[in-house]
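S.K.: Quick note, the sequences are listed as chains Y and L, same order.
According to our numbering, the first sequence is numbered sequentially starting from 1.
According to our numbering, the second sequence is numbered sequentially starting from 382.
Just so you know, these hints were derived from the structure itself, not from any lab.
All of these numbers come straight from a predicted model, not from anything done at the bench.
Worth double-checking, as some hints may not be accurate.
To be verified - Facing chain L, according to a computed beta carbon distance under 10 Å, are these residues of chain Y, among others:
1. Gly36
2. Trp277
3. Val317
Glycine included, C-beta positions come from ideal geometry on N, C-alpha and C.
For reference, the chains in residue letters:
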Amino acid sequence: MSKIERKANELVFSFPHMGDYHVPIARLLENMFPAGRVLVPPPITKKTIELGSRYSPDFICAPFKFNVGNYIEALEKGANVLIQTGLGCRFGYFGEVQERILQDLGYEFQFFSLARENAKVKNAYQGFRRLGSPHSPAKFLAYVLIAAESIRIMDHFAFIMRERTGFALRPGSFEYLYGCMLEELRQVSTLRELIAIRRQYTDSFSKVEVRRPPDLLRVGIVGELYTLMEPYSNLFIEKELAKHNIVVSRKMSAAFLLFGKNSRKSLKDTGKYMKYWPGANATDSVAQSRRYGRLGYDGIIHMKSYGCTPEINAMPVLHNLGKDYNIPILYLSFDGQTNETGVQTRLEAFVDMLEMRRKTFEKDSLSRGGHRFHFDKGSRS
Amino acid sequence: MKMKIGIPKAFLYYRYGELWQTFFQEIGCEIVTSQDTNRAMLLEGAKDSIDESCLPAKIYLGHVRSLIGRCDHIFVPRFENFGKNDVMCDRFMGLYDIVRNVYPEASLIGFDLAATEHKSQWQAYLGLGKTLGKGAVDILLALRRARLVQEAADQKRQEQQTGLFQENGIKILLAAQPYLIHDPYIGQPLAAMIREQGAIPLYSDHCCRRQCRQRALEICGNLYWIMNKESVGAIAMHRHQVDGIILLAAYPCGSDALVNELVLRKVKDVPVIQIILDEQQSQAGLATRLESFIDILKERRRATA
Numbered sequence: 001m002s003k004i005e006r007k008a009n010e011l012v013f014s015f016p017h018m019g020d021y022h023v024p025i026a027r028l029l030e031n032m033f034p035a036g037r038v039l040v041p042p043p044i045t046k047k048t049i050e051l052g053s054r055y056s057p058d059f060i061c062a063p064f065k066f067n068v069g070n071y072i073e074a075l076e077k078g079a080n081v082l083i084q085t086g087l088g089c090r091f092g093y094f095g096e097v098q099e100r101i102l103q104d105l106g107y108e109f110q111f112f113s114l115a116r117e118n119a120k121v122k123n124a125y126q127g128f129r130r131l132g133s134p135h136s137p138a139k140f141l142a143y144v145l146i147a148a149e150s151i152r153i154m155d156h157f158a159f160i161m162r163e164r165t166g167f168a169l170r171p172g173s174f175e176y177l178y179g180c181m182l183e184e185l186r187q188v189s190t191l192r193e194l195i196a197i198r199r200q201y202t203d204s205f206s207k208v209e210v211r212r213p214p215d216l217l218r219v220g221i222v223g224e225l226y227t228l229m230e231p232y233s234n235l236f237i238e239k240e241l242a243k244h245n246i247v248v249s250r251k252m253s254a255a256f257l258l259f260g261k262n263s264r265k266s267l268k269d270t271g272k273y274m275k276y277w278p279g280a281n282a283t284d285s286v287a288q289s290r291r292y293g294r295l296g297y298d299g300i301i302h303m304k305s306y307g308c309t310p311e312i313n314a315m316p317v318l319h320n321l322g323k324d325y326n327i328p329i330l331y332l333s334f335d336g337q338t339n340e341t342g343v344q345t346r347l348e349a350f351v352d353m354l355e356m357r358r359k360t361f362e363k364d365s366l367s368r369g370g371h372r373f374h375f376d377k378g379s380r381s
Numbered sequence: 382m383k384m385k386i387g388i389p390k391a392f393l394y395y396r397y398g399e400l401w402q403t404f405f406q407e408i409g410c411e412i413v414t415s416q417d418t419n420r421a422m423l424l425e426g427a428k429d430s431i432d433e434s435c436l437p438a439k440i441y442l443g444h445v446r447s448l449i450g451r452c453d454h455i456f457v458p459r460f461e462n463f464g465k466n467d468v469m470c471d472r473f474m475g476l477y478d479i480v481r482n483v484y485p486e487a488s489l490i491g492f493d494l495a496a497t498e499h500k501s502q503w504q505a506y507l508g509l510g511k512t513l514g515k516g517a518v519d520i521l522l523a524l525r526r527a528r529l530v531q532e533a534a535d536q537k538r539q540e541q542q543t544g545l546f547q548e549n550g551i552k553i554l555l556a557a558q559p560y561l562i563h564d565p566y567i568g569q570p571l572a573a574m575i576r577e578q579g580a581i582p583l584y585s586d587h588c589c590r591r592q593c594r595q596r597a598l599e600i601c602g603n604l605y606w607i608m609n610k611e612s613v614g615a616i617a618m619h620r621h622q623v624d625g626i627i628l629l630a631a632y633p634c635g636s637d638a639l640v641n642e643l644v645l646r647k648v649k650d651v652p653v654i655q656i657i658l659d660e661q662q663s664q665a666g667l668a669t670r671l672e673s674f675i676d677i678l679k680e681r682r683r684a685t686a
């Protein structure tokens, strides 16, 4: 791997991958540290996972392994400041262990943790200042706001893309547009530009021609956030579904995590199924599954990394919910070594089953929401 | 007729057993505890569990199942946290809903303890007592008495263990969650094996918990799981008084996976091994590992003497 040239005392920032979110994060870091450099780690490959798995604890969840892999590859390329966040479940403790693992491997770096308490605005600001960010609090907030708004725009269009991409007249047009938008977001530096981008792409997304058959299948995706958001970790299941001409609805995204989450409300939305919050996003998984059930979706796919405690807490609930709403749920668990063919086979079987169900129960009351294409609102637009 | 309350003898029973028993007795309920964990129970529990849930959670479901039909209500409390940085594992937060959804026929009672949301111990037990139709004064008196009993019991165990530290034999600290160490099916056979081979097992939860929680931060700086703090703190406090440390973890425990890794990487001056327990545990394999570990400890002691 080629190493970048680094001046003495120059800070080279890096962070783990998660889907396409490296775009706003890299931009944010560039804004925060005009004197430093930002190194986006190389894209996740088989090698990343191998590296990560080799140095991670035995039964840790896959996101940890992916993170470690990303860090090692970034350090090899010359990064010297690593950033980690951490909230919710055991994700909050990732940073401390990862720092130690990388130190034991002999790398020299600073570890910048934005976990738990450190993620609060005031503490985060102090952390950035300590690392040499020259900005005033107002400027700091402005940059954070831009990053947050970028994420929101990304997720808004990603949501639309997931729902429509299987039906584009010219396959790949949504992906192309989305890619262009990411390019532009990478350069953005004011809120005004962001608003322009949003307007422009709202226009161009709506102009892409789609042809939806009248009897399309709709599948909702719920589960643990990292596995949902990092396509490599779920073996590109959404693309696979789009190939089968299925409407994919997934509300969970970084924007949802940052702005849309309301534990109390989603606990209420789980109805009789849950009484308490079982950690992280498990209530959201249940609440959204219930919603998909009510809207008459054809199926739900529940994805998580192996051993994810909150989602396992939610699974007995989902079993009951699936029975009550008569909606099939496919449970997939990924641990970084998951066999792609195996998952594909299960997915194909699931899709076949959905199609057969649709034929059998054509005019039945099962599809409560009717066959009309329904736009889930997704992350707020 | 007295109301019958079923208490599953798993998970936090090994931390609050005396408290719960006294509390329910004091407010005039009859108690039915499940039997000691056994193989059949574990298998029953595993059958009703999600494959990936942890070993003690499977055992817990086995206990709950065995109580169905034997009592009026089963006691399944929910623990979330005791403060901002004293959090319980997510499993305890979801336990109530898991049991409710797996065994819809069972009648459950419980409470919700989350100090950061102003749901303290007093309030939790007050609510619990009220659902059983008791008056506030009775409940608070019962709780006060129950807490004293629990404290006395903890104190006694602690003193016993302090005595053991003075012994001359090979001393091994079992650092783990209490529901692993004291479970008669998974942790206690291990302790018995240690004793059989002439060494003395010491338990991390029989040390002073308050001190442990503070000292844990010497090894794991930002640790926020309270039970892990207690087991790690015991290592920080007693690592120089023991010959070796065994980290006991259940497969696949969420917090232990991270914390034990860090302990293994940071504690270098005392021999440490990690033993991971799962459903397919073979006693022979375990005995071999223990034997070789104890041999190492003996050799080490001879070399330094």
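S.K.: Next, verify each hint and record whether it holds.
M.R.: Checked hints:
1. Gly36: At about 25 Å, which exceeds the 10 Å cut-off, the nearest Cβ of chain L leaves the hint on Gly36/Y violated.
2. Trp277: holds, 7 Å
3. Val317: holds, 5 Å
The structure is inconsistent with hint 1 alone, although it conforms to all the rest.
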